[in-house]
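With the hints as extra help, turn the sequences into a complete structure.
Chains as they are written, first to last, in the UniProt record's numbering: chain V, 1 to 354; chain F, 1 to 557.
Accuracy of the hints is not assured; some may be wrong.
Derived pair list, reagent style DSBU-like, types lysine-lysine, alpha-carbon separation capped at 30 Å [to be verified]:
no.	chain 1	residue 1	chain 2	residue 2
1	V	K10	F	K392
2	V	K200	F	K392
3	F	K498	V	K213
4	V	K10	F	K49
5	F	K392	V	K213
6	F	K293	V	K199
7	V	K10	F	K293
8	F	K9	V	K121
9	F	K375	V	K199
10	V	K10	F	K375
Pair ranges (Cβ atoms, derived) [stated by the list, open to error]:
no.	chain 1	residue 1	chain 2	residue 2	range
11	V	T222	F	E382	34 to 44 Å
12	V	V326	F	T31	49 to 59 Å
13	V	S71	F	G83	42 to 52 Å
14	F	T18	V	H291	42 to 52 Å
15	F	E154	V	Q348	15 to 25 Å
16	V	A293	F	A19	52 to 62 Å
17	V	H339	F	D434	42 to 52 Å
Negatives, chain F to chain V, calculated, CB over 12 Å [as the list claims (entries may be wrong)]:
no.	residue
18	Y310
19	L534
20	T552
Note that these hints are calculated values from the structure, not bench results.
Because the structure is a prediction, the values reported are computed rather than measured.
All C-beta atoms, glycine included, are put in the ideal place defined by N, C-alpha and C.
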Amino acid sequence: MSASPQTVQKSGAAGSAVFAGSDSRKYNYFEPKARKASHYEDMTVDVQPDPERYLLQDWIISFPDGTPTYSKTWTKALSSNWHQFRAVDQEWERTHYQRQSTICGMVQGVIENARKSGAPKRFDSAWVKVLQDHLGAYKHAEFGLGTSLMQAQRYGYTQMINNATLTNSSYKLRFAQDLTLYLSEIGLDLQGFDHNAGKKHWLENPIWQGTRKSIEAIMGATDYLEQYLATNLVFEPLVGELFRSGFIMQMAASQGDFATPSVVAAAEADYERNLANTVELIHMLTHDKEHGAHNVKLFNGWIAHHGALAKEAAANLQPIWSQPRVKVSSFAEAQERAHNRIQTICSQVGLQAS
Amino acid sequence: MSETLTLNKIVGQKGISTAEAANRVSDLGWTPSYVQEAMTFPTDYKISKVPRDPMKQVLRSYFPMQEEKDNRVYGALDAALRGDMFRNVEPRWVEWMKLFLAIIPFPEISAARSMAMVGRLAPGEELRTGFTMQMVDEFRHSTIQMNLKKWYMENYIDPAGFDITEAAFGKCYATTIGRQFAEGFLTGDAITAANIYLTVVAETAFTNTLFVAMPSEAARNGDYALPTVFLSVQSDESRHIGNGHSMLMAMIHDPSNHQLLERDLKYAFWQNHAIVDAAIGTFIEYGTTNRDKNKESYAELWHRWIYEDYYRTYMLPLEKYGIKIHHDDVAEAWDRIVKKNYVHKTAQFFSVGWSFNFWRIEAQTEKDFEWFEHKYPGWYAEFGDFWKWYAKLSVPGEKNIAFNADVGYVYPHRCWSCMVPCLIREDFCCDEVDGKVYTYCSEGCRWTHKVAFAAEYEGRATPAMGRFSGRREWEECYHGWDHADAMVDLGFVRSDGKTLVPQPHLRFEQKDMWTLDHVRGNTLGSPLRAFRALKPGAERDAAVAEYRKGYTINPCN
Numbered sequence: 001m002s003a004s005p006q007t008v009q010k011s012g013a014a015g016s017a018v019f020a021g022s023d024s025r026k027y028n029y030f031e032p033k034a035r036k037a038s039h040y041e042d043m044t045v046d047v048q049p050d051p052e053r054y055l056l057q058d059w060i061i062s063f064p065d066g067t068p069t070y071s072k073t074w075t076k077a078l079s080s081n082w083h084q085f086r087a088v089d090q091e092w093e094r095t096h097y098q099r100q101s102t103i104c105g106m107v108q109g110v111i112e113n114a115r116k117s118g119a120p121k122r123f124d125s126a127w128v129k130v131l132q133d134h135l136g137a138y139k140h141a142e143f144g145l146g147t148s149l150m151q152a153q154r155y156g157y158t159q160m161i162n163n164a165t166l167t168n169s170s171y172k173l174r175f176a177q178d179l180t181l182y183l184s185e186i187g188l189d190l191q192g193f194d195h196n197a198g199k200k201h202w203l204e205n206p207i208w209q210g211t212r213k214s215i216e217a218i219m220g221a222t223d224y225l226e227q228y229l230a231t232n233l234v235f236e237p238l239v240g241e242l243f244r245s246g247f248i249m250q251m252a253a254s255q256g257d258f259a260t261p262s263v264v265a266a267a268e269a270d271y272e273r274n275l276a277n278t279v280e281l282i283h284m285l286t287h288d289k290e291h292g293a294h295n296v297k298l299f300n301g302w303i304a305h306h307g308a309l310a311k312e313a314a315a316n317l318q319p320i321w322s323q324p325r326v327k328v329s330s331f332a333e334a335q336e337r338a339h340n341r342i343q344t345i346c347s348q349v350g351l352q353a354s
Numbered sequence: 001m002s003e004t005l006t007l008n009k010i011v012g013q014k015g016i017s018t019a020e021a022a023n024r025v026s027d028l029g030w031t032p033s034y035v036q037e038a039m040t041f042p043t044d045y046k047i048s049k050v051p052r053d054p055m056k057q058v059l060r061s062y063f064p065m066q067e068e069k070d071n072r073v074y075g076a077l078d079a080a081l082r083g084d085m086f087r088n089v090e091p092r093w094v095e096w097m098k099l100f101l102a103i104i105p106f107p108e109i110s111a112a113r114s115m116a117m118v119g120r121l122a123p124g125e126e127l128r129t130g131f132t133m134q135m136v137d138e139f140r141h142s143t144i145q146m147n148l149k150k151w152y153m154e155n156y157i158d159p160a161g162f163d164i165t166e167a168a169f170g171k172c173y174a175t176t177i178g179r180q181f182a183e184g185f186l187t188g189d190a191i192t193a194a195n196i197y198l199t200v201v202a203e204t205a206f207t208n209t210l211f212v213a214m215p216s217e218a219a220r221n222g223d224y225a226l227p228t229v230f231l232s233v234q235s236d237e238s239r240h241i242g243n244g245h246s247m248l249m250a251m252i253h254d255p256s257n258h259q260l261l262e263r264d265l266k267y268a269f270w271q272n273h274a275i276v277d278a279a280i281g282t283f284i285e286y287g288t289t290n291r292d293k294n295k296e297s298y299a300e301l302w303h304r305w306i307y308e309d310y311y312r313t314y315m316l317p318l319e320k321y322g323i324k325i326h327h328d329d330v331a332e333a334w335d336r337i338v339k340k341n342y343v344h345k346t347a348q349f350f351s352v353g354w355s356f357n358f359w360r361i362e363a364q365t366e367k368d369f370e371w372f373e374h375k376y377p378g379w380y381a382e383f384g385d386f387w388k389w390y391a392k393l394s395v396p397g398e399k400n401i402a403f404n405a406d407v408g409y410v411y412p413h414r415c416w417s418c419m420v421p422c423l424i425r426e427d428f429c430c431d432e433v434d435g436k437v438y439t440y441c442s443e444g445c446r447w448t449h450k451v452a453f454a455a456e457y458e459g460r461a462t463p464a465m466g467r468f469s470g471r472r473e474w475e476e477c478y479h480g481w482d483h484a485d486a487m488v489d490l491g492f493v494r495s496d497g498k499t500l501v502p503q504p505h506l507r508f509e510q511k512d513m514w515t516l517d518h519v520r521g522n523t524l525g526s527p528l529r530a531f532r533a534l535k536p537g538a539e540r541d542a543a544v545a546e547y548r549k550g551y552t553i554n555p556c557n
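Right, dumping it as structure tokens:
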């Protein structure tokens, strides 16, 4: 037995030899958004391939009707370059876990300290019922958005779109659980607190039926981009923020509750990031030189459809504003802020708030 | 301070139990009444029983746990650099990581996408939390692996091949095999894809060879990064295995599902065997320089992880539910590894094709020969001369081994099903599907294409089942092309515009490197096109018989 002797390289470390390609130490197959690729781009771009880029042999398994593994037909929106989108929050796994974990720690700290100081027992009794019935109902809306986005993250045409949708789903599902466990734990300190009341109100109370209908319309949409747009450009400003910031966070302190706003604040911070990602994507599509006009018309239609449902949902929520004993802000003020918010968002991306 | 007193006892307060937390969270869902969710990813299975979540974990404990795991991974990568890992790493090993890490992030993220498919199908909400965590886990795996690859690129002596990684993934014949693995997770019948193929078979059985056995070999080659990342990845798999088993149990009680379960367990096992054993077997056996005769061979590892751990303790118990287990396929897969040299023939093929790759492969040497002969008696007689040829022909200017008739190797047909070539010649077969002839590496793969991936299975309509599509024979894409032009089109040329990314050695001096000029003048051809050109009947039968006879490597002196 013998084979030709081979030269043994003494080190496998960078720089220990110079030859063609020995200094090629950057991913070189995509165009970075800025001068240099961000770490997020390196982790994300082109991991989901595309026959129009490098996928030589095309998709190799199809659905029975011939639709390939990924298809541009899964949204009615059109783009001359789907790969242009980059998530503004630049999330990859490490930053996502760091942020989620930080929030989990913050929320648990708030709950522990509030309970330790006996805070829930000092909440105004009318406010406790608001938390039990209405925050308890609202957690299901967050869960619905989370599961809807979990579905949507299967359909996008690029890794960047799908990962931004995935992290959005992850944030929503965490917040739905945050609320569930927060209410469960303060409920331990509140005699007679009914953990099942929230779901009952979600399913039966007329106040919440508009919101449930609005959420189910998003869950039932078959266009992933419609789900993403309706969540972040329509439902969140018109209903989500309206309830979270416009009601819970404004009212709580006056009812002796310093804990709930801190728990809910995490969702507002989540939304800012998810909104930024959505605005970036929708802006790209409404300003597409080839398909911008088509997309604007399409998106305005979605906004009109989901906007009408969301406005009805918001209007139905109005009675909640009169339930706390101490009234520090009105529904009208909150609604005006919500309308201003959606106007601002839509004007940024060239769309019409309905 | 009393010995029994702890900080937790002093500051702790009564909370809700983990089980209670999981129950409350699982009550977040409801059945929509205003607008129904569309079943956009259909299945032919019936799921009437609510699957249970065996893990009972909630996100507020999940995220901190994962962050802690991440901290350990990234800390270890920093430590590896401080400890000068790359000075001692074996380039033979790291080169194969160019292929492995080009493939694996896509299967991982595909698994995340597939959670959308099962998430909506499962009745009840309990397991949805499990699917949610798996979705985020798979996002973790995909991007943590992209990070590892970037880290190799920045610190390893030869970054070429890492730098083009996702472009190479889309173009290389070898990565397409990995894509067959991944697309199977998220295309076609949602339960077939996301439950049986992904979680019940790939994750429960084959991640053990992928993510446990392979990292051990990495460590033996001075690579402490791969074990750090992949054992952390593997620690998430137990949750996924739980998801898969729970969903399986929700379906297995309905006898109307048994026919499809038997089809899918068989399909998934055979595809995983054909793809994963080919690739991971090659990495472990041929990417290593460690020839300790006391360590387990891939065949021994397979017996431990696939035969004992999966087949005997996971699959066989399914028989009590009335499921017919495909015992013959398990026995055949074992025979293909230990008697028919499947892994060795795959490594041989990758090496014959070195000049179409985007990584280096060096020749096996005397020390390797001894180990192979010890672990696989008879190996030297079949493969010894081939590797001597390979070493001899590794010098630029020699005639490329892929086109060198002196060697005696006959370029193989491509299997239409698993996309690994038909390397076990005696098992080669062909069949017609929708009026076209296709070639297969084995009866299992013929069955997969013709019988399993069809609109009907044993007389039962299977309208949700997927179909094979695309340009599945890589060679057809470059039929009639000059080798050098194909390499330019593939993008497997280094930054000087002429030196090839792949090399048949680990010599890092420019004078030893093959360039486009060294491979120009050979024309690529599609074996399938040639096969289809034969007249049906005697002519084609004769070609099959000839192929099944195999070939003989000529002595290398």
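Status of the hints after comparison with the structure:
| no. | hint | result |
| --- | --- | --- |
| 1 | V/K10 with F/K392 | holds (22 Å) |
| 2 | V/K200 with F/K392 | violated (78 Å) |
| 3 | F/K498 with V/K213 | violated (62 Å) |
| 4 | V/K10 with F/K49 | violated (61 Å) |
| 5 | F/K392 with V/K213 | violated (73 Å) |
| 6 | F/K293 with V/K199 | violated (63 Å) |
| 7 | V/K10 with F/K293 | holds (25 Å) |
| 8 | F/K9 with V/K121 | holds (23 Å) |
| 9 | F/K375 with V/K199 | violated (63 Å) |
| 10 | V/K10 with F/K375 | holds (29 Å) |
| 11 | V/T222 with F/E382: 34 to 44 Å | violated (55 Å) |
| 12 | V/V326 with F/T31: 49 to 59 Å | violated (37 Å) |
| 13 | V/S71 with F/G83: 42 to 52 Å | holds (47 Å) |
| 14 | F/T18 with V/H291: 42 to 52 Å | holds (50 Å) |
| 15 | F/E154 with V/Q348: 15 to 25 Å | violated (38 Å) |
| 16 | V/A293 with F/A19: 52 to 62 Å | holds (55 Å) |
| 17 | V/H339 with F/D434: 42 to 52 Å | violated (57 Å) |
| 18 | Y310 | holds (24 Å) |
| 19 | L534 | holds (24 Å) |
| 20 | T552 | holds (18 Å) |
Hints 2, 3, 4, 5, 6, 9, 11, 12, 15 and 17 from the list above are not met by this structure, while the remaining hints are.
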